[in-house]
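**Q** Hey, can you work out the whole structure from these sequences and the hints?
In order, the protein sequence lines correspond to chains R and A. Heads up: the first sequence begins at 508 in my numbering, then just goes up one per residue. Heads up: the second sequence begins at 945 in my numbering, then just goes up one per residue.
Be aware that one or more of the hints could be misleading.
Unchecked claim - Listed next, the in silico DSSO-like pairs over lysine-lysine satisfying Cα-Cα at most 27 Å (straight line):
1. R:LYS641 with R:LYS653
2. A:LYS1018 with A:LYS975
3. R:LYS641 with A:LYS1056
4. A:LYS1092 with A:LYS958
5. R:LYS572 with R:LYS587
6. A:LYS960 with R:LYS641
7. A:LYS1033 with A:LYS1112
8. A:LYS1018 with A:LYS960
9. A:LYS1056 with A:LYS960
10. A:LYS1053 with A:LYS1104
11. A:LYS1053 with R:LYS653
12. A:LYS975 with R:LYS653
13. R:LYS564 with A:LYS960
14. A:LYS1127 with R:LYS641
15. A:LYS1140 with A:LYS1069
16. R:LYS641 with A:LYS1092
17. A:LYS1112 with A:LYS1092
18. R:LYS600 with R:LYS572
19. A:LYS1056 with R:LYS653
20. R:LYS653 with A:LYS1092
21. A:LYS1127 with A:LYS1140
22. A:LYS958 with R:LYS641
23. A:LYS958 with A:LYS1018
24. R:LYS641 with A:LYS975
25. R:LYS564 with R:LYS587
26. A:LYS1069 with R:LYS641
27. R:LYS653 with A:LYS1033
28. A:LYS1112 with A:LYS958
To be verified - A few chain A residues that don't get close to chain R, going by computed Cβ distances all over 10 Å:
29. THR982
30. LEU1038
31. HIS1089
32. GLU1105
33. LYS1140
34. TYR1148
35. ASP1152
As the list claims (entries may be wrong) - Residues of chain R placed beyond 12 Å of chain A at every Cβ, according to the derived structure:
36. ARG542
37. ARG565
38. HIS595
39. SER621
40. GLN633
If you're looking for bench data, these hints aren't it; they were derived computationally from the structure. The beta-carbon is built from N, C-alpha and C at its ideal position, and this holds for glycine as well.
For reference, the chains in residue letters:
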Amino acid sequence: MSWKRVTAFFCLFPSMAGVSAWGRQSHATIIYDDRASEIRSVNEEAGRLWITTDDLKRATGFELKPQGICRDELCFPVPKSRQQEFRHESAGKIWLNLVAFANLVQQPIAHDESLSIWYFGLRADQRQVLSSLKAPDFTLPDMSGKTHSLSDFRGRKVLLVTWASW
Amino acid sequence: MDLPGWQAIYERLKDKNFEIVSVAQDTNGVKDAGPWITAARPTYTALIDEKHLVSKLYNMVNVPTGAWIDEHGKIVRPNEVAFVDDRFKNFSGLDSAPYLNALTDWVEKGDKSSYVMSEDRLREKLTVNNSDIALAAAEFGLGEHLYKSGHLTEAIPHFKEAQRLNPKSWNYKRQAYALSDAKRDYGTTFMDEVQKAGGSRVYYSPPDLRPEVTQKDKKP
Chain R
508 MSWKRVTAFF CLFPSMAGVS AWGRQSHATI IYDDRASEIR SVNEEAGRLW ITTDDLKRAT
568 GFELKPQGIC RDELCFPVPK SRQQEFRHES AGKIWLNLVA FANLVQQPIA HDESLSIWYF
628 GLRADQRQVL SSLKAPDFTL PDMSGKTHSL SDFRGRKVLL VTWASW
Chain A
945 MDLPGWQAIY ERLKDKNFEI VSVAQDTNGV KDAGPWITAA RPTYTALIDE KHLVSKLYNM
1005 VNVPTGAWID EHGKIVRPNE VAFVDDRFKN FSGLDSAPYL NALTDWVEKG DKSSYVMSED
1065 RLREKLTVNN SDIALAAAEF GLGEHLYKSG HLTEAIPHFK EAQRLNPKSW NYKRQAYALS
1125 DAKRDYGTTF MDEVQKAGGS RVYYSPPDLR PEVTQKDKKP
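**A** Okay, here's the thing in structure tokens:
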């Protein structure tokens, strides 16, 4: 069944319109790579979070390309038979289901329903760095706000050590 | 705090192609960690990690945790407790000297140090980042975001879920307790949890400082 027909079907039965995401757009906060973005218009329905490709780019850096969902060198092909789970056209825009994408790349999601906040964790490819015995790289600020990356110290031995004030 | 102790070690070893990268696992960032750093005035690299990113990437579950990384960016000793002095010896029963001696040995001898672990042993010791651990980190991250945006009440269930999904993480417990009233919001305290886990003497596993047996040392 095409998406157009699904939409038309639900328009004929207004009481069921709430079941369909389309036409019931709401606000959400998406936290991706520990960065929060306010998204003015998302479609949430059972187990799905649809955002426009513009918002996808803004919140996650990923783009929908013919070869898959991509960011720089990183590209995750969308299984051909499952296009409908991932991609939808409505109101002249292309929408992507961020939950389906997260499942594809084995990315955990924490969700606060009452405030409509979605937190996307580390993808499997980010988590598997450890098993290669390569030290995962990171970039963090010092007291003055200047950032440092672990990889800045390549060529030296490094003791990486955590502490906390608590 | 550990910062002045690491400064003394750094002074001794910094000319041997060695850097200390210390990372504060503090949700409130500079506000909580800053005064300690200001007081210690470290000349090594002291970073602020509000999102506990390093614990997340390296699967660290407690502080202080150390990992050794060689010149090529490869881990040669994975996560283990890294005491810089004996302030907590009464609590943990652990001496800092064996670890610090091992660290010095590595800085001086590099790959030839017997404290550099074989890949097999490293793999054995690295915690597998399974889906529960990954989801726990996401729940904790959401809890932190809620707390910081003024929604402590909403944050608590997510902190609790992180603690449930990764019960080995003391960071998830202690950081969450520090952000609220532990007794009121979690029905427990840090010391109650330590007792439940078997007491302070098992709270930290001692570092495994058995020297690596090299091929030529092995008996035929």
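**Q** Each of the hints needs a verdict: does it hold here or not?
**A** Against the structure, the hints:
{"no.": "1", "hint": "R:LYS641 with R:LYS653", "result": "holds, 25 Å"}
{"no.": "2", "hint": "A:LYS1018 with A:LYS975", "result": "violated, 33 Å"}
{"no.": "3", "hint": "R:LYS641 with A:LYS1056", "result": "holds, 19 Å"}
{"no.": "4", "hint": "A:LYS1092 with A:LYS958", "result": "violated, 37 Å"}
{"no.": "5", "hint": "R:LYS572 with R:LYS587", "result": "holds, 13 Å"}
{"no.": "6", "hint": "A:LYS960 with R:LYS641", "result": "holds, 22 Å"}
{"no.": "7", "hint": "A:LYS1033 with A:LYS1112", "result": "holds, 22 Å"}
{"no.": "8", "hint": "A:LYS1018 with A:LYS960", "result": "holds, 18 Å"}
{"no.": "9", "hint": "A:LYS1056 with A:LYS960", "result": "holds, 15 Å"}
{"no.": "10", "hint": "A:LYS1053 with A:LYS1104", "result": "violated, 44 Å"}
{"no.": "11", "hint": "A:LYS1053 with R:LYS653", "result": "violated, 32 Å"}
{"no.": "12", "hint": "A:LYS975 with R:LYS653", "result": "holds, 16 Å"}
{"no.": "13", "hint": "R:LYS564 with A:LYS960", "result": "violated, 45 Å"}
{"no.": "14", "hint": "A:LYS1127 with R:LYS641", "result": "violated, 40 Å"}
{"no.": "15", "hint": "A:LYS1140 with A:LYS1069", "result": "holds, 25 Å"}
{"no.": "16", "hint": "R:LYS641 with A:LYS1092", "result": "violated, 32 Å"}
{"no.": "17", "hint": "A:LYS1112 with A:LYS1092", "result": "holds, 24 Å"}
{"no.": "18", "hint": "R:LYS600 with R:LYS572", "result": "holds, 15 Å"}
{"no.": "19", "hint": "A:LYS1056 with R:LYS653", "result": "violated, 35 Å"}
{"no.": "20", "hint": "R:LYS653 with A:LYS1092", "result": "holds, 22 Å"}
{"no.": "21", "hint": "A:LYS1127 with A:LYS1140", "result": "holds, 15 Å"}
{"no.": "22", "hint": "A:LYS958 with R:LYS641", "result": "holds, 23 Å"}
{"no.": "23", "hint": "A:LYS958 with A:LYS1018", "result": "holds, 20 Å"}
{"no.": "24", "hint": "R:LYS641 with A:LYS975", "result": "violated, 32 Å"}
{"no.": "25", "hint": "R:LYS564 with R:LYS587", "result": "holds, 22 Å"}
{"no.": "26", "hint": "A:LYS1069 with R:LYS641", "result": "holds, 14 Å"}
{"no.": "27", "hint": "R:LYS653 with A:LYS1033", "result": "violated, 35 Å"}
{"no.": "28", "hint": "A:LYS1112 with A:LYS958", "result": "violated, 34 Å"}
{"no.": "29", "hint": "THR982", "result": "violated, 7 Å"}
{"no.": "30", "hint": "LEU1038", "result": "holds, 15 Å"}
{"no.": "31", "hint": "HIS1089", "result": "violated, 6 Å"}
{"no.": "32", "hint": "GLU1105", "result": "violated, 8 Å"}
{"no.": "33", "hint": "LYS1140", "result": "holds, 19 Å"}
{"no.": "34", "hint": "TYR1148", "result": "holds, 13 Å"}
{"no.": "35", "hint": "ASP1152", "result": "holds, 17 Å"}
{"no.": "36", "hint": "ARG542", "result": "violated, 10 Å"}
{"no.": "37", "hint": "ARG565", "result": "holds, 18 Å"}
{"no.": "38", "hint": "HIS595", "result": "holds, 25 Å"}
{"no.": "39", "hint": "SER621", "result": "violated, 6 Å"}
{"no.": "40", "hint": "GLN633", "result": "violated, 8 Å"}
The structure fails to meet hints 2, 4, 10, 11, 13, 14, 16, 19, 24, 27, 28, 29, 31, 32, 36, 39, 40 from the earlier list, while all remaining hints are met.
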